[in-house]
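These protein sequence lines map, in sequence, to chains A and B. With this note's numbering as the guide, the letters of the first sequence map in order to residues 1 to 664. With this note's numbering as the guide, the letters of the second sequence map in order to residues 1001 to 1664.
Possibly wrong hints are sitting among the right ones.
Stated by the list, open to error - Some chain B residues well away from chain A (every beta-carbon gap over 10 angstroms; in silico):
hint, residue
1, E1030
2, N1047
3, Y1079
4, K1115
5, E1324
6, K1326
Stated by the list, open to error - Here chain B is said to cover these stretches of chain A; the calculated rule only asks that three of the stretch's residues, wherever they fall, bring their Cβ under 8 angstroms from a Cβ of chain B:
hint, region
7, 15-26
8, 74-88
9, 143-156
10, 579-592
As the list claims (entries may be wrong) - Cross-link-like lysine-lysine pairs, in silico, DSSO-like; alpha carbons within 27 angstroms at most:
hint, chain 1, residue 1, chain 2, residue 2
11, B, K1481, A, K51
12, B, K1115, A, K326
13, B, K1115, B, K1003
14, A, K326, B, K1385
15, A, K326, A, K263
16, B, K1003, A, K362
17, B, K1364, B, K1385
To be clear, the hints were calculated from the coordinates, so they are not data collected in a lab. Built from N, CA and C at the ideal position, the CB exists for glycine as well.
Spelled out, the chains give:
2 protein chains.
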Amino acid sequence: MIKEDQTRWLWYPGDFEIRQGLLQNFSREERSYDWPAYWNMDDCHKNVKFKRYYDLADETSFVVHAVGIGYAEVNGKKYPFGEKIHCASGKNKVRVFVGNTEGLPAMYIEGEVIKSDIGWAASNFIEELPAGWSALYLTQDRDPNKVYFATETVQAVSVAECQGGVLIDYGRAIFGTIAIKKLNTAKPVTICYGESDAEALDIEMCYYKEENAVADTVPRKRAFRYLFIPELTPEQVEIDAIHEFIPLENQASFHSDNALMNKIWDISVETFTLCSGLFFLDGIKRDRWIWSGDAYQSYFINQYLFFDEDINTRTMLALRGQNEIKQHMNTIVDYSILWIIAVENHYMMSGNVEFLKQIYPKMKSLMDYLMAQTDELGFIYGREKDWIFIDWSEMDKDGTLAAEQVLLLKAYNAMIVCGSIVGENTAEYSQKYTVLEKNLMTYFWDEEKGAFIDSYQSGNRHVTRHANIFAVLFDFVDETKADKILKNVLLNDEITQITTPYFKYYEQDALCKLGQTQTVYQIICDYWGGMVEQNAVTFWEEYIPEETGNDVYEMYGDPFGKSLCHAWGASPIYLIGRYFAGISPTSPGYATFLIEPQLACFSELESTFPVKNGSVTLKKNKDQLIVRSTKEGGTLKLNGEAFELAANQEYTFELANELAENLS
Amino acid sequence: MIKEDQTRWLWYPGDFEIRQGLLQNFSREERSYDWPAYWNMDDCHKNVKFKRYYDLADETSFVVHAVGIGYAEVNGKKYPFGEKIHCASGKNKVRVFVGNTEGLPAMYIEGEVIKSDIGWAASNFIEELPAGWSALYLTQDRDPNKVYFATETVQAVSVAECQGGVLIDYGRAIFGTIAIKKLNTAKPVTICYGESDAEALDIEMCYYKEENAVADTVPRKRAFRYLFIPELTPEQVEIDAIHEFIPLENQASFHSDNALMNKIWDISVETFTLCSGLFFLDGIKRDRWIWSGDAYQSYFINQYLFFDEDINTRTMLALRGQNEIKQHMNTIVDYSILWIIAVENHYMMSGNVEFLKQIYPKMKSLMDYLMAQTDELGFIYGREKDWIFIDWSEMDKDGTLAAEQVLLLKAYNAMIVCGSIVGENTAEYSQKYTVLEKNLMTYFWDEEKGAFIDSYQSGNRHVTRHANIFAVLFDFVDETKADKILKNVLLNDEITQITTPYFKYYEQDALCKLGQTQTVYQIICDYWGGMVEQNAVTFWEEYIPEETGNDVYEMYGDPFGKSLCHAWGASPIYLIGRYFAGISPTSPGYATFLIEPQLACFSELESTFPVKNGSVTLKKNKDQLIVRSTKEGGTLKLNGEAFELAANQEYTFELANELAENLS
């Protein structure tokens, strides 16, 4: 925890994330050109005013530093930055004006009493709010316009002659740069990068290439495992990889009697760690953009691995941008809705009311933006240039679409929950919720098919998995309907299979929720296990078991279009933590939480998962389960019985006969 | 005229002006600190997409250059910038994506057929509009993120020992930097700047100071006439002033038998030229901000001097910012309204429908913003944080204020005129106009006082000049009421005098309009003549005849707070052109125009003033007036008679007996 009186860099709240989000979304690179994201992107404010009143017992002095131009002002008198300012005892009004045309305006005040700690207001000359800050920028030498990565030097695990050049393998995925330690050649070389050896060896089609490299070349940050340098021999070259990362603490562990599962866990952790920087990225090679849909899944994985609240909030603030909404998030209607839903989940995870107060006005304006495109039945429709995505899958998108309505319904729910916490009137959302829920069931639930249909307007009564999955996940169906969905949709091979890993995530989630952990266990072993068999060091954007050879790297019509380290590939972390270990908060910030393990698939297992300010450890050894939580408020549910767990106490249960008995 | 197929830099329309406007408003400097403007300021978009379809007779090639990152795309295939791209004959879709996190994203295409000329669309991923460009950025080497000033080296007219140092006088106002040609001293020096010698000699209180200057120091752009270097002798130093400017063509000339008037004209031209850069600045030393009220007056002066349409549009676009309105212009409600009125005037001056089409949506949204703060009588009121300025003068600001209503009425009129031209429905404005006009007369016109009162709500029936002046200027009063206003207000010494030069401008304008040219002639001779007598080389922000010594430099409680080169000081140019020469457009772009000279004050005079694509020359010699227009469409009105003037023909009139006779 950072103390309130700790000096830190301050800025207009949200601006750091918006500015860095812009830079992040501009960092995509492909075959010698840059590829800035193709949607309208906000930037931070360019001039900001900070204000604070002090009632001083004694005179004091301070020095204001800033990134940008401007001045400090005490009781109306102006001073340049960097100058020691003396302040008399008594009441003082201190203001700091900072402008920065090239980046984030920020300030840092050195002083004993007057300093840039908690208590400053920041204004964009329209709204005055508590100033923004980040735990990553606490000292004067940390410019919040720069990202300070920790680095790790990685040596090659193999340097081999190949195709008339040198192929270097670092044995793991690197997201960083390189340090050339030896380059014995007179002419500059071309360094080809690859997530796979096939990509690095393809001089034409590899994504990244450093041309005309010489000994002191330091290329930009890139993702790779392999380097290939044509027309060179292993003796001529020695290159270290410099992996760059923002340190995150892994708060979870998993070890079982199933070696494949253990490997899947480890690779999931590696994958997710790589994709977690200032923000949740979709993948480290491609796109490196902040996608709201991908981020949504990452928030859940984070909850069971790092339990890092800051990366969640940074990602949410970057995605949402400034107050004025000009376009849906990443242009996608469902991504806007998922963002709202995610805020509620973050609140349940963190219990952070301060953040909710900061973000609620932006939830509200986004909800207004969404409500403006609903019809007389309360159904949301797409407007020109809106992308009604849901999934790449074939869907009957004639008229309004069921899956969007289910999401919207959940978003109203999120508004009601979050609005109530911050003391806002949520009556409008309740009323909209009621109408939409009724109409969703009336128009989209097909009793005969026992499932939600995509479109009621087309007359086709076409069923896909998507709306049904969301309805299960968000608890919009009773047990009877849930059973029907399970039978008629999720376990029905005649319903088109989910083909994207993005939606596979939601599908596994729903299957687990409906008690199909055994099925999901098998899917994890098969699907993720399939990648392990292919010697994956990170999990891919997509895995198609039928593909062989270099075909596995192809995606979007590009021979190396597939990202081999993709955040959503790490979903086993969430599935294991949420359903196999069975941990979830039942009140905000895990004041109370449930542990409902489903460990039948494991004979032996030892795993720890984070909860807010604590952790829960489960050890299973055949018929014995040992449970320990470092935090008060946990309830263990085992075979229908509930046990309240005291903090830091070890409880042992017998699992024989599917019955549990408290032996402790 | 720039040909349509001339290659040029392209950007999202308005963004160049918004970006440079931001930089301009951040350029203020005062006593070693920077002073960015204190309102919310927009920046340009950070990623932009350009698009154009070509149907090519033959294959061709082109090279895309950009300020920023991104790529070019032909029929879906992407290429890096700077690479020669070949394009087959037939239909081709060319797109260019440019992102720039530190400034204006812009592109320039070299090519025979495919090039960055007129015809490209630019998109911010929400709106697609014809791309923006400027005649100042036509060649590849001109980065539209930089301003390329022409320079003029100015040598000192005197270098004198003074107060133990060297005082250098350049004999004129400089807006630029310096070149140190000789500095024979071992230790760095302090260079103090002054618009006046008093300011330069005041080491403590001068606005700008270059500390620790050495021989190769090149200070930032500043305004000065004098430099003072303490502890140095004239033998030790030689410094040239490097004046920086954006060339503007003076299209007017004036010479009369009154030497003082001639001097006032020349100093007005000098003053206005100095304050006209990329934008109209209020002053060159202080504030250097783009103020809508100051700019409003500059548009009119420009019309009679440079007739430069580009500086008008650049200033208007910079002031208005991006689509979303968060605050009134410079925080001032009347400044927003004046901006709308100015657009109509610009259209009357230029006849430029293209610009009107570009700007109309931004007029409309600003008008919506204004209308949202009107009451049930149609009166506009100030909201929290809105600045109801009008003038620094004492006014009865209880409730809604008369002057604001008169401005709003004129703004409705501007919306009706401009909206009709671009084919928009303006019925709402007509309706609002009718209501407001009626209520203005009912509530604010005081028949007994024969004048508009400030406030009808206070019950004080207090009369100031302001609303009355605006009502005259905008033709909202009939002859009877106008006469009353002249007698009861303008020529009534009991009504508080206008004290600010800003409002003096409107007052002279109204007096002239009511035929008081004789009075105004005397005011010009006295007020501006007073500054001439004080050896002014440019006209000041304010002149108070009673002040003597260094007191003349004081303003806003600061000993050198007064700007000695202030745009509005140049208003004699407008008054002479508009009323004495009497030239004004009667249809857009001077398709028809009026020449209604009021030259009784001059015995001899020769003057030329611009009209759109032409000029009008008047020569008076005692009783003879010679008139010549280079453009068709002029009508001369002399003593109640009208004469249509053919182009390029000289007409001579006898002025004897106040009657005119066409002798040509």
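These are the hints, each one checked on the structure:
1. E1030: Given that some Cβ of chain A is not farther than 10 angstroms from that of E1030 of chain B, nearest at about 7 angstroms, it is violated.
2. N1047: violated, 5 angstroms
3. Y1079: violated, 7 angstroms
4. K1115: The assertion about K1115 of chain B holds, with a minimum of 20 angstroms to chain A.
5. E1324: violated, 5 angstroms
6. K1326: Answer for K1326 of chain B: violated, closest chain A Cβ roughly 5 angstroms.
7. 15-26: holds (count 3)
8. 74-88: holds (count 4)
9. 143-156: n = 0 at 8 angstroms, threshold three: violated.
10. 579-592: violated (count 0)
11. B:K1481 to A:K51: violated, 50 angstroms
12. B:K1115 to A:K326: violated, 31 angstroms
13. B:K1115 to B:K1003: holds, 13 angstroms
14. A:K326 to B:K1385: holds, 25 angstroms
15. A:K326 to A:K263: Roughly 44 angstroms separates the two Cα atoms, so the pair is violated.
16. B:K1003 to A:K362: Given pair K1003 of chain B, K362 of chain A is violated - Cα atoms ~47 angstroms apart, limit 27 angstroms.
17. B:K1364 to B:K1385: Given pair K1364 of chain B, K1385 of chain B holds - Cα atoms ~22 angstroms apart, limit 27 angstroms.
The earlier numbered hints that this structure contradicts are 1, 2, 3, 5, 6, 9, 10, 11, 12, 15, 16.
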